[in-house]
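**Q** With chain A fixed as given, assemble chains B, C and D onto it according to the hints.
There are 4 protein chains.
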Amino acid sequence: MAMVCLSDFEDYAKKYLPKIAWDYFAAGADDCTTRDENILAFKRIRFRPRMLRDVSVMDIRTKILGSEISFPVGIAPTGFHQLAWPDGEKSTARAARAMNTCYIASTYSTCTLEEISAAAPGGLRWFQLYIHRNRAASQQLVRRAEALGFRGLVLTADLPYTGKRRDDVRNGFRLPPHMKVKNLEQAFEYGLPPNSLDPSVTWNDIYWLRSLTRLPIIIKGILTREDAELAVRHGVQGIIVSNHGGRQLDEGPATIDALVEVVEAVRGRVEVYVDGGIRKGSDVLKALALGAKCVFIGRPALWGLAYKGEEGLQDVLRILQDEFRLSMALAG
Amino acid sequence: MAMVCLSDFEDYAKKYLPKIAWDYFAAGADDCTTRDENILAFKRIRFRPRMLRDVSVMDIRTKILGSEISFPVGIAPTGFHQLAWPDGEKSTARAARAMNTCYIASTYSTCTLEEISAAAPGGLRWFQLYIHRNRAASQQLVRRAEALGFRGLVLTADLPYTGKRRDDVRNGFRLPPHMKVKNLEQAFEYGLPPNSLDPSVTWNDIYWLRSLTRLPIIIKGILTREDAELAVRHGVQGIIVSNHGGRQLDEGPATIDALVEVVEAVRGRVEVYVDGGIRKGSDVLKALALGAKCVFIGRPALWGLAYKGEEGLQDVLRILQDEFRLSMALAG
Amino acid sequence: MAMVCLSDFEDYAKKYLPKIAWDYFAAGADDCTTRDENILAFKRIRFRPRMLRDVSVMDIRTKILGSEISFPVGIAPTGFHQLAWPDGEKSTARAARAMNTCYIASTYSTCTLEEISAAAPGGLRWFQLYIHRNRAASQQLVRRAEALGFRGLVLTADLPYTGKRRDDVRNGFRLPPHMKVKNLEQAFEYGLPPNSLDPSVTWNDIYWLRSLTRLPIIIKGILTREDAELAVRHGVQGIIVSNHGGRQLDEGPATIDALVEVVEAVRGRVEVYVDGGIRKGSDVLKALALGAKCVFIGRPALWGLAYKGEEGLQDVLRILQDEFRLSMALAG
Amino acid sequence: MAMVCLSDFEDYAKKYLPKIAWDYFAAGADDCTTRDENILAFKRIRFRPRMLRDVSVMDIRTKILGSEISFPVGIAPTGFHQLAWPDGEKSTARAARAMNTCYIASTYSTCTLEEISAAAPGGLRWFQLYIHRNRAASQQLVRRAEALGFRGLVLTADLPYTGKRRDDVRNGFRLPPHMKVKNLEQAFEYGLPPNSLDPSVTWNDIYWLRSLTRLPIIIKGILTREDAELAVRHGVQGIIVSNHGGRQLDEGPATIDALVEVVEAVRGRVEVYVDGGIRKGSDVLKALALGAKCVFIGRPALWGLAYKGEEGLQDVLRILQDEFRLSMALAG
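Chains as they are written, first to last, in UniProt numbering: chain A, 1 to 332; chain B, 1 to 332; chain C, 1 to 332; chain D, 1 to 332.
Just chain A, same shape as in the assembly (with noise of 0.2 Å):
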C-alpha cells in the first residue's frame, strides 16, 4: 500500500491500532461536529491562483519565537504517543528534529521530559502545561523544561475539566499497565487522575506563570477576539489558536475560522499559530495566507507514529512538505 497523503495514514491507524487507542485518538466531544468541522472549514476556503509567477525558487523555511523552522509545520501536543508506537515520544522528538521542526511535548507523555530530551538533542522543542491544584507540580514540571533545554512553554487554557468524549466512556478509556504518565512527580498509573487540574485558573495565572520562568509563554486554546487581546494584554509571546481537535467543547468554531478573527485582534503584536483539521499541504498554505506563522499538527502525527514510528511521522511531515511547496507554486 502507497502512503500518498495523510489519509492513507489515518486508513492505516484504523486498521492497525487497538480500538481504545485509535478511538482515544480520534474522539471528538459530544457529537464530533467539531472535530469534523475543523477538516470541513479548510475545505470551504477557496484559492484564487495566479499564474506565470517564476516558482523555480521557494524558500519555505520561517521562524516561531525566533528559532528557524525548515516549514511552517510542527508536532502538536498530544498525549500517550506510546499507544501509538513503542517507544512514544522518543519516535517522535527524533522524528522532529530530523525534519527540523518544531515539537510541542505534552505534560501527558508516557516519557519523560529527560527521555524526550536524550533522545534527541538539539531539537527544538516547547513544553506543554495544564495549570494543576497542585501548583508545585506545575512549577516543578516548568522548571524541568527549562532546564532541558525546552524553548518554548504552552500554556493550554481550554481544559478546566475534560470534554465528554463518548466513545473514550464506553470503552473505559484508561492507559494499559505497562504505560505511565511519566512526567507528574507521583506518576499516576493508569491515565488521567480525574480532578489533577485546577478549574479556577484566570488570566492572573499568566503573571504567576511568568514568574517561574523565562521562556516564552503561547497559550493555546484561544478561538475569540476578546481571549486573543486578554492574551496579548497578560504577555504571552504567542497565541495557538486550538479548539483541542474538537476534543472539548463541542459545537464551537472550527479553527481555520477562528484564526482569522484572532489574526485581526492581535494586528501582529504575537505570534499566532493553528492546529486543528491540517490534512494537506494546501491547509497550511491557506493558514498561512489567513495569517498564521505557523502550523501544528495533531492526529496526522499519531497517524505517522503508528505507521513506523519515527519513520512514518517523517513520512507524513515530508508528504506535508511537498504538497506545501506544490500547492505554493501552483497558487503563485
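Treat the hints as calculated values from the structure; they're not laboratory data. A hint or two may mislead.
Note: identical chains are not told apart, hence a pair may lie in one copy or across any two.
Derived lysine-lysine pairs resembling DSSO-like cross-links, with alpha carbons at most 30 Å apart [what the hints assert, rightly or not]:
id, residue 1, residue 2
1, Lys14, Lys43
2, Lys43, Lys19
3, Lys180, Lys63
4, Lys308, Lys180
These numbers come from a predicted model, not from an experiment.
**A** Quick look at chains B, C and D alone, frame taken from chain A:
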C-alpha cells in the same frame, strides 16, 4: 451497553418498545421536517467559547415562576406514559421529584392526577390542558389540578385538531385495552376521541381560564413574535415556545429559532421556556444563552422511562445535568 | 397497504405500472434537476403558524375564472391517461366532477374530447392546446372544445420542441398500438409525431387564438416577470406558472419560486395558478399564501389513476383536501 | 446500450478502459474538489426561460479568432489519446474536422503534429504548448505547428509543476512501452520527464513566444481578473479560463465561476473561452450567456474516443450540439 448520551436511550427505546408505541412517540407530522429541524437548528448555533475563567464553582439552579429547580431542565407534557413503562406517569413524577425539577403532567396521562400526586408528594408539577368542547370537563380538570397542588396550568395552543402523523394512521394507533386516558370525567377507552377538543378557542378563552383558577397560566405552542405579544397582553405568566415536537404543522420553524423572536418580543415581561430538539447539555446552554429561563424535554424523557422507568428517567436527567455543567465550564 | 399520503400512491404506481409508462410519467429533462427542485423549493418555504384563532369553520371553496370549485386544487393537463388506467381521461373527468374541481384535458389525451365530455357531463373542464404547424388542426380543436362546453383554453407555451427526457429516449417510448392520440383530425398512431408543433409561435399568436374563440385563454409555462407582463398585455385571462413538471428546460426555476415574481408582476390583473411539486395539502396552502388562486396537480393525479382509476384519483384529491384543511387550521 | 447523454460515454469508458488509463483521465488533484466543483458550479446556475419566441430557425455557428466553427464547442488539449483509442490524436483530428470544429492538439500527444495534420487535412487546429527548460525544444514545436497550418498557439500557464493526482501516484502511472510523447525532439519514453517544464516562466515569456511566431497566442489557465488583465496587457489574442480539469491546484474556483470575473475584466478586448465541467448542451448555453465565445471539452472527448474512436467522439459532439440547440430553443 453503557448509557452515555441521550441517543443511547433513543436506540434502546427503538429496540425494546412495541413498534406501535415507538412510532407514536417518534411521529412527526407529514414529512417530519419540523421534528428533525428542531434538532438540526440547535446544531447550526455555534458557541464562542471563552477561556481562563474561574469555573471551579458553578451554580446551575434556577427558579421558574418562583419555584426553585436543581437545573434548568423540566419534563414536557407528553401523553400515555404507560406505553413506555408500566407505572406510567407515576414513575415520571417520582423521577422529577428525585431530580428536583418540574414535571408538566399531560391531560392525556394514563394515570389520574390524583395518582400522580400521590406517587411523589411535594414534587413541583404543572398541569397541561386542552380546552374541550365540553367546557365543564376542562373546568373540572383545572379545579382538580389546583386542589392537588399543581403549581401552574399549561394551556396547549397548537392543537385545534391533531396533526397528521402518517405512521399512526398506518398503524391505526390506539391505546391498548388496559390503558385509559384516565383524567377525563368519563375516561375514554382506546385513545383520543376525535372531536373532543374545541377548535373555536381564541385568545379570549384565556380570560375564561383565568376566571377558573388562581394558578399561573403558561401558554404552550407559541412560535411567532405576534403571538408572543398577544400572550403577554392576555395576561399569561409564561410562554413555552413549542411546535409540539413537530407533530402538528409540518414545515414551521424550529423552536430554538422561534425562541429568539419570542424572547425579543416579550422583553422580559413573562418567563419564556422552550421545548423540542434538546438532546445534549450544550443544547440547554444554547437555549439559556438565547433567553430561555428553562427548557423542557419530551421524547428523551420517554426514552428514559422506556429504559428503566423512574430510574431511567433520572439517568437521562443526570446526563443532561452533567453535560450542561460541563458545557458551561468549557464555554467559560 | 394504507394510502395515507400522496407518496403512497407514487410508490404504488412505480410498482405496478409498466416501466415504460412509469418512466414516461416520471421523466424530467436532462438531469431532472428542475423536476426535483419543484419539490425541494416547497420544502424550503416555512410557515409562521399562528395560534388561538377560531378554526372551527373553514370555507375552502374558491372560484377560478368565475367557476366555483370545492377546493383550490385542479387537475393539470398530462397526456396519455390510458397508460395509467384503461378508461383513461374518462376516469379523470369523472373523478374531477365527483370532487367538484376543474380538469384541464390535454391535447394528447387518449380519449376524444367528445368521450371526455360524455363521461362526466356538466363537469368544469378546460382544454389544453398546442399550436400546430397545421393551424387548421388547432383551430378545429378549439372549436370542438368550445362546442363541447369546455370553459377555458390553456395554451402551453413551453414546448416549441419536446425536452430531452433520457429514459424515454432509452426506452424508445411510444404509445402501445391500441392507444392513440385521438383528438387530432388524423389520429396519430404511436405517440407524438416529431414535428407537429410549430416552433415559430410568438406572442402575436395569442391574438390569432383570441380571434377563434370567446373562451378565456390561460397561458401555461410562464416563469418570469417579463413574460408575465407580456401575457397580461396580450390579453390572457389567466397564467399557469409551470415548467412542464421539469420535463422541458432543465435547471430553470422551481415553479413555487417563479410564482412569487409572476404574482408581483401581474399585480392582480389576471388570475395566477401554479403546478409542479404539489405533494401535500400544506404545499397548496403555501402556493395560495404566495398569491396563487389555485394549484394544479400533474403526476399525483396519474398515480391516483394508476391506483384505482377514478376512485384512486378521488382518493388523491380527498387526501389533499383533508391535508389542506388541516394545515389551514394548524397555521391559523 | 443507447448513448443518450455524455455520462453514458463516461460509464462506458470507466467500464472498458484499462484502470490505469481511466484513472489518469479521471484524476483530479488532491481531494478532487475542484474537478467536481467544475460540474457542481454549472448546476448552481439557473436559467430564466422565456416563452413564445420564434425558435424555428437558430444559427449556432460562431467564429473563434476569425475561423468559423459549426457550433461553439471545441476539443480541449488533453494528453495521450492512444490510451483511449489506438489511432489516438489522429482520430480526434478526424472527428473535429468532420464536425467542423476546432481541435487543440496537446504537446503531450501520442501522435506527431505531422501525423495529426495528415490525418485530417484542412481541419481547424490550434497547438497547445508548455515552455520547456530547453527553450529550443519549445521553439522547434512552435515552428513546426505554424508550418503545418495550426492556426493558434495555446500556452498553458497553470503547470509550472504537475499537480498531485493521488491515483496516478498509487498506480505509478506511466505510458505503456509502445506509446511515446512523440512531439518532442527526443521522444520521451514512458510518459512525462519530471523536470522538463520551466517553472521560472513569467509574463515576459509571452513576448519571447510572440517573437517566434505570427500565430495568435491564446493563454490557458487564467482564473482571476488580475491575471486576465495581465494577459490582455501582454498582448494575447485569447484566454481560456481553465483549471486544467481540476488536476493542478485543488480548491481553487470552478471555471464557470471564474469566467464571470475574467469576462468582466477583459471587457471584450480579447476572446474568452472556458473549459471544465461541460457535460450538457445547456452548460454550453450557460457559458455563452456568461460571456464565453466558445467552450472546450476535455474528458468527454476522451470518453467518446474510448467508445468508438473518431465515430464515438463525433457522437459526443453531436449530442452536445443537439442539446445545445434544444436548450437555446427552450430558453427562448
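**Q** Evaluate each hint against the coordinates.
**A** Against the structure, the hints:
1. When the C-alpha separation of Lys14 and Lys43 is checked against a cutoff of 30 Å, the pair qualifies both within a copy, at 23 Å, and between copies, at 27 Å.
2. Taking CA atoms no more than 30 Å apart as the test, Lys43 paired with Lys19 passes in both settings, with 28 Å inside one copy and 28 Å between copies.
3. For a Cα distance limit of 30 Å, the shortest separation of Lys180 from Lys63 qualifies neither inside one copy, at 34 Å, nor across copies, at 46 Å.
4. When the C-alpha separation of Lys308 and Lys180 is checked against a cutoff of 30 Å, the pair qualifies only within one copy, where the shortest distance is 22 Å, while the shortest distance between copies is 38 Å.
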